[in-house]
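Engineer: Below are the chains, spelled out letter by letter.
Protein chains: 2
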Amino acid sequence: MLQRHAVGYVLRDERSAQSLTLREVSAKSAVALGYLSEVERGQKEVSSELLEMVAGSLRISVSTILRRAADLMDMETALSAPSVDTLARM
Amino acid sequence: MLQRHAVGYVLRDERSAQSLTLREVSAKSAVALGYLSEVERGQKEVSSELLEMVAGSLRISVSTILRRAADLMDMETALSAPSVDTLARM
Numbered sequence: 001m002l003q004r005h006a007v008g009y010v011l012r013d014e015r016s017a018q019s020l021t022l023r024e025v026s027a028k029s030a031v032a033l034g035y036l037s038e039v040e041r042g043q044k045e046v047s048s049e050l051l052e053m054v055a056g057s058l059r060i061s062v063s064t065i066l067r068r069a070a071d072l073m074d075m076e077t078a079l080s081a082p083s084v085d086t087l088a089r090m
Numbered sequence: 001m002l003q004r005h006a007v008g009y010v011l012r013d014e015r016s017a018q019s020l021t022l023r024e025v026s027a028k029s030a031v032a033l034g035y036l037s038e039v040e041r042g043q044k045e046v047s048s049e050l051l052e053m054v055a056g057s058l059r060i061s062v063s064t065i066l067r068r069a070a071d072l073m074d075m076e077t078a079l080s081a082p083s084v085d086t087l088a089r090m
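Those protein sequence lines, which keep their order, are chains U and H.
Counting from 1, one number per residue, gives the positions in the first sequence under our numbering.
Counting from 1, one number per residue, gives the positions in the second sequence under our numbering.
Chain U extracted, bound-state conformation (with noise of 0.2 Å):
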């Protein structure tokens, strides 16, 4: 999992936990809504600043979205390594 397709779930994510719409986030942030659902969809890299501006839109820290993008890389790294009972059949 690329960095870029975590953080996007991330916000994606929080956004739902907020039950803000894209529209809304867009508007709070001051960045475009096509660019701020590519963002969220992994399909665009997000510069450093509008990261910020979409953090504190949604009222948490580019840190806290770091660490859960962290989280997920590495949940992701567990689920795809063969288990040992994968190992055992081969």
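Just to be clear, a hint being listed does not mean it is correct.
Selected chain H positions facing chain U (in silico; Cβ < 10 Å) [to be verified]:
1) E24
2) L66
3) L72
In case anyone wonders, no lab produced these hints; they're calculated from the structure.
We put the beta carbon where it would ideally sit given N, CA and C, even for glycine.
For this one, chain U is given, so just place chain H on it according to the hints.
Structural biologist: Just chain H now, kept in the frame of chain U:
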């Protein structure tokens, strides 16, 4: 502290800890030396793909880099917050 400053600091710190030169990490990761240098100094955003490549050449995970960057950002926020002493003198 912006994300790119924190990530750049972590990358330089890790490279120094491993006694590697910019040239060595650049060669190992196939990331241009000038670009890598700018990333380390927080002057350029690093794409998710290049971050994977640099992390791989340092043998650490991107999630570890993101967590360390998050720690740095939080530490700076804590240090820049006015202390009780400062507030008392106001």
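Engineer: Next step is simple, just say for each hint if it's right about the structure.
Structural biologist: We went through each hint and held it up to the structure:
At a threshold of 10 Å, the smallest CB-CB gap from H:E24 to chain U is about 23 Å, leaving the interface hint violated. With a least beta-carbon distance of about 4 Å to chain U, the hint placing H:L66 at the interface is held under the 10 Å criterion. Given hint, H:L72 at the interface with chain U, holds; its Cβ is 8 Å from that chain's nearest Cβ, closer than 10 Å.
Going through the hint list in order, the structure does not satisfy hint 1, though it satisfies all others.
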